[in-house]
Amino acid sequence: MDFLYSILIDPFVQMVELPDFLLQVLWEGFVAGVLYALIALGFVLIFKASGVFNFAQGIMVVFAGLTLVGLHEKGVPAYLALILTIGVMGLLALAVERFVMRPLVNQPDIILLMSTIGLTYFLIGFGEFIFGGEPKQMITEELGLPTGSTAFEIGDGGLLILQHIDVAAAVIAIIMVGMLAIFFNKTRIGRALRAVADDHQAALSVGISLNQIWAIVWFAAGIVALTTGIMWGARSDVSFALEIIALKALPVLILGGFTSIPGAIVGGLIIGIGEKIGEIYWGPLVGGGIESWLAYMIALIFLLFRPQGLFGERIIERV
Amino acid sequence: MRLHKLTAAAFALGLSAGIALPTLPAMAEDSVYIQLATYRTGPFAGSGIPVANGMADYLNMLNERDGGVNGVKIVVEECETGYDTQKGVECYEQAKSKGTLVFNPYSTGITLQVIPKASVDKIPVLSMAYGLSAAADGNTFPWVFNPPVTYWDGASGIIKHIAEQEGGMENLKGKKIGYIFLDAGYGREPIPLLEGMANDYGFELVQYPVPGKEMQNQASQWLNVRRDRPDYMVMWGWGAMNPTAVKEAAKIRFPMDKFIGIWWSGGEDDARAGGEGAKGYKTLNFNGVGTDFPAIQDIKTLLVDTGKSQVDPEKLGENLYNRGVMNAVLMAEAIRVAQEKTGKTVITSEDMRIGLENLNIDDARLAEIGLSGFMSPLSTNCEEHSGHHAMYVQQWNGEAWEKASDWFEPMTDKVKPLLAAAAEEYKTSNAPWPERAEACAN
Chain W
1 MDFLYSILID PFVQMVELPD FLLQVLWEGF VAGVLYALIA LGFVLIFKAS
51 GVFNFAQGIM VVFAGLTLVG LHEKGVPAYL ALILTIGVMG LLALAVERFV
101 MRPLVNQPDI ILLMSTIGLT YFLIGFGEFI FGGEPKQMIT EELGLPTGST
151 AFEIGDGGLL ILQHIDVAAA VIAIIMVGML AIFFNKTRIG RALRAVADDH
201 QAALSVGISL NQIWAIVWFA AGIVALTTGI MWGARSDVSF ALEIIALKAL
251 PVLILGGFTS IPGAIVGGLI IGIGEKIGEI YWGPLVGGGI ESWLAYMIAL
301 IFLLFRPQGL FGERIIERV
Chain R
1 MRLHKLTAAA FALGLSAGIA LPTLPAMAED SVYIQLATYR TGPFAGSGIP
51 VANGMADYLN MLNERDGGVN GVKIVVEECE TGYDTQKGVE CYEQAKSKGT
101 LVFNPYSTGI TLQVIPKASV DKIPVLSMAY GLSAAADGNT FPWVFNPPVT
151 YWDGASGIIK HIAEQEGGME NLKGKKIGYI FLDAGYGREP IPLLEGMAND
201 YGFELVQYPV PGKEMQNQAS QWLNVRRDRP DYMVMWGWGA MNPTAVKEAA
251 KIRFPMDKFI GIWWSGGEDD ARAGGEGAKG YKTLNFNGVG TDFPAIQDIK
301 TLLVDTGKSQ VDPEKLGENL YNRGVMNAVL MAEAIRVAQE KTGKTVITSE
351 DMRIGLENLN IDDARLAEIG LSGFMSPLST NCEEHSGHHA MYVQQWNGEA
401 WEKASDWFEP MTDKVKPLLA AAAEEYKTSN APWPERAEAC AN
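Just so you know, the protein sequences line up as chains W and R, in that order. Here the first sequence stands for residues 1 to 319, where the numbers follow my numbering. Here the second sequence stands for residues 1 to 442, where the numbers follow my numbering.
Source of the hints: derived by calculation from the structure; they are not laboratory data. Treat the hints with care, since some could be wrong.
Claimed, not checked - From the structure, some residues in chain W lie toward chain R, with a derived Cβ separation under 7 Å: (1) G87; (2) G133; (3) E134; (4) P135; (5) Q201; (6) S236; (7) D237; (8) S239; (9) I244; (10) I245; (11) E279; (12) I280; (13) G288; (14) G289; (15) E291.
Quick reminder that beta carbons are idealized off the backbone N, C-alpha and C, glycines included.
In isolation and in its complexed conformation, chain R is listed as follows (with noise of 0.2 Å):
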């Protein structure tokens, strides 16, 4: 009797183990399986839209063109948060569970959060150019990469853009620099470096936080401004609030020529509502912008005529979404690095840390991929996990992005002692912080 119960218990299991298998994603023995967390609605999707397209698509097209990467396929499935934390945090248990071989949170909150949880769950945390910027020390970070570039990079890169225009770094003392902010994670990242640049250049540095929930009603901010008048204004937006920002300095004829976004205020969209007076805005970007290069050309052929893409034909090869053709560049790269240095082909997440850990994107390699000059060649190890590479200033036209600057470094000399110092300071109010375990493949 007892036997019979024993019995029907396993039975049972094993049926409920065969109900649940089905919710996995299918997936061949030739197979690997990335979830990417997205963001198509809520308040932030006019962003997160364009990105989550360009990183499906390029997956997608190797899928269709290669058959994956080396004959492996890459599973994509797409986790929706909204831009909110606690969903992200659900997305990323949810990518653990499926086994996803890395997790693009795509939001600074959400990388917060899930970077203690990396290490322990041993699934690499790719932060491209957003989350925490301290994360480029692989020593402290092995588990969380955030390459080409760092926000302090960036930070450095637009006072030295500033200072560029100003004639030298001296003559940034006395200037008056505005900085107006998403009042989130995102937003706040930046501005320990920026203070301290401030002290030691001798600008002064206003602040203009924007709250979540005021991001379309930003008059006071720009009245604000009006009044101070600072010489130059830096933006740190995303979502509703970038489109906002171009029209309410346009609004109060604020030098365009001297407002200067980081990247991830460069949507074409974002521009786009400003109209006649967004003419002469600025941002970084280090991501080409166009459909003329041949991977995106594949993209085009195999996916958008087919139908088998979600972007509005006439957004192809706009900024955020070749940003997002970048990430997954990254993504591919990575996985093939990893079957090279494990010699697998089916690859599991801690073996894809290592491919992160030892890109390796050159000019002839950029030149195979069909991305000639789409990025500035890129490359990590273990001590550096973002590499401080080069970007470029972008003007809008009052049609499109113009590229404004060649490509130029950011003060990595200023930047990385800091970011050192972040990342110790980390450690201590997160102790015990483990420290690295993991061995050095390069």
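This is chain W alone, in the form it adopts within the complex (with noise of 0.2 Å):
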């Protein structure tokens, strides 16, 4: 009875009890839920255009940050270093696009797949040879970013703690969404982009350049990979841990949907403030540690009634 009360009941009455803390949890599960989201976008970004799962997207966020924070360094200042790492994710754009993906048209995506794979521990070993394994710490103040905290006292002496690094980080996500959302549908590469993801014939029979769009999508990709460095960067630091972030966007990419922008940002939002609550109010019971695992149960939970995703296409293939 008592083990039933306290999964039943227990967490219940700590969120009443408590109501700044949970405010606290939701907020802390929010940011986190954003920067899964800026994650999933990359990869939701380069599938929908080209049907690669890019398994490369974590490097490039690491890539793109030690990029940004290994040219000021070297003395260059900071909205120059940014602009200048903006340039390299563009030439490593134009680079995917000539060396791995042109060669493999028309291959099995398998064989794209492990290209990324191939891709990813290239620029692992590049990454180290140029700025080396130590971590470096994020340029958060040279680049204009707010940094401290503001407290807010809620109820009879309850705090509600808002870091300002992380309200910048969900402002930015929403603009940069909002951005690629104005992108994807009111410009003429944007709309080309989207007729590529529908259908790759069609697309080149109307005159649409396959090879153009690989490359703006990588770019884009880079960009987005760029903004979640930044972000992650600044909460811990610009290391090759942050690789492994990356593979918190797989359950994001399971319930949002490998092809939708709102999928990659509502399932982040899920995730994170799942994950969060779950381990919050119910990981005591089992010594903690269940978010990494949690994050898959509610993807899996969610799959069993939406099996295309969220916003996922519903695939329907006649035989």
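From the two separate chains plus the hints, produce the assembled complex.
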């Protein structure tokens, strides 16, 4: 009976007793969710346009972050370093399109996936060769991003602490998603991207250049990776450990669907908030540390009801 | 015809051996080989790089300054483990084939894997202040050494320091102590001792495991800390886990002078990442910090200034760099002792075991090697492979580590019987564990 109480009743009692803490948990979950969504966005952009699951998205986050900090360490002013890093991500996109994607046109999906795994190992080695393996501190203040925190008193002595960098992360993520939505829906290139996503051959037949489109989506994914690198880097530091964080996007993608930008956002928030609530209120019952698999559990439960993900396209194949 | 074939086979074998030979490290007659298992890549590189630099630099400095140890050069070669146990075991096998004098795993996970191999291959394992705490028992583990202190000593030292802050051991009763740790062999190692002490002294131990994949994503653990409101937090972190934990602790406004890490959580970069909020953060230590030691100055002059070191000149003398130097001091001193005990100059790994078992680095010897005050005097013997030596608490002042206590002993009386029991348990669960056959050369 006690066991049932601790699972079914006690967590909710805790939530009601400490509402400020519940708000803090929700906020932390929201921020984590936004960051997961940013990583997932990088995957979605490339999958949408080329059907490639880009295993290298995690290392692109690290590579972008390291390039930015590395350039600044060499004496380049922060904003110039940011512009140069965007340029480097553009060059990377062109190189990936020319040397990885183009020679593999029409190859099975698994070959393209393997090529992105190869790209991951190349970028790890190349990154370590150029910048070394030591972690670097993100140049948060130099980029004009806010630091510090504000505490709000809630109820009787309760406290909600908001880190300014987390607020900035949420705002930047929202702006980025808005810009991507406009880019996809309102611009000519965006419409071409959607055409390629719907049907490669049909897109080619109306004169859309696949090579150009692929370079553009890899560049867009690079920009998303840079934003993610700055935000995650500001929370801890920029190191090769960040690459593992990208795996957090997998349950988000399963949940939100591999082809949906709104899916990445909503999926990220559900996973972020869900895993924090689970870890804080139910985790202690089993000794903690449930966060890493709880995300997959949440995704699997959703899949039971919507196998194509929340916003994924239902694929019906006639045989 | 048959003879021709045999000759041809012998020639082919000789040729292949001839081809294989150059892959071995180039060693002159008067040299010994030491492999350093290090990690300059991967998620733990932030902690691994300074340690690797410190170890390599001290040994290479001895080669440059003194021509090695008593004229015997030390051939140093690194093997990259990435803090991965499987790769670490591969490095061990490579070290064995190349005739290393000693194996430094630099990972508790790797140490646990190579302990059963060491006695068979007759290669001593030096796990300086990490690895299996019970390996301090020289009778059960004649091939494993973990001076100057074990993790259990460290845990007892932190509890002792907390008790001092509270005005005595009796005041620990009713306190809540949180333990945040890397959820791996390393972080789980001190749990039995901490649980035992919680029982004995009446404090509550609350555990916060951090999975390896979540090292940079600790918001949940620290939210739990905020809710549980422990009086003190103890940390067993490594690599990217450390700076993230320091930042998160500052974020929830945990009083940093009540946040105490083990000696592996005390890198400058670990604390620096927390900015102003990290001020007051404490860790244990057992080596000196800074460049104000003649031996470190020799490294600077002979290696750093001449471009023969991999260390960033600004990071020379930082805590984990000096930790690597201390690890190399233990190896160099063991070579010297082994040479004395065996009368040989070019020693073998079996001789090295004798050297490690007869270390006696007193104040006079520390002065001779240019490291006065760098560490507490250290000795080992056949029964005692750790020594349970003194440590101190250091505190981050926002820019550098400052000594926050005198050198103090761990709670050896508490720890030793538990270590003996743990060694017995290890023997039972790994039966048939070989009885010590090595003679004592004390």
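Go through the numbered hints given earlier and state which of them the structure violates, listing their numbers in rising order. 1, 5
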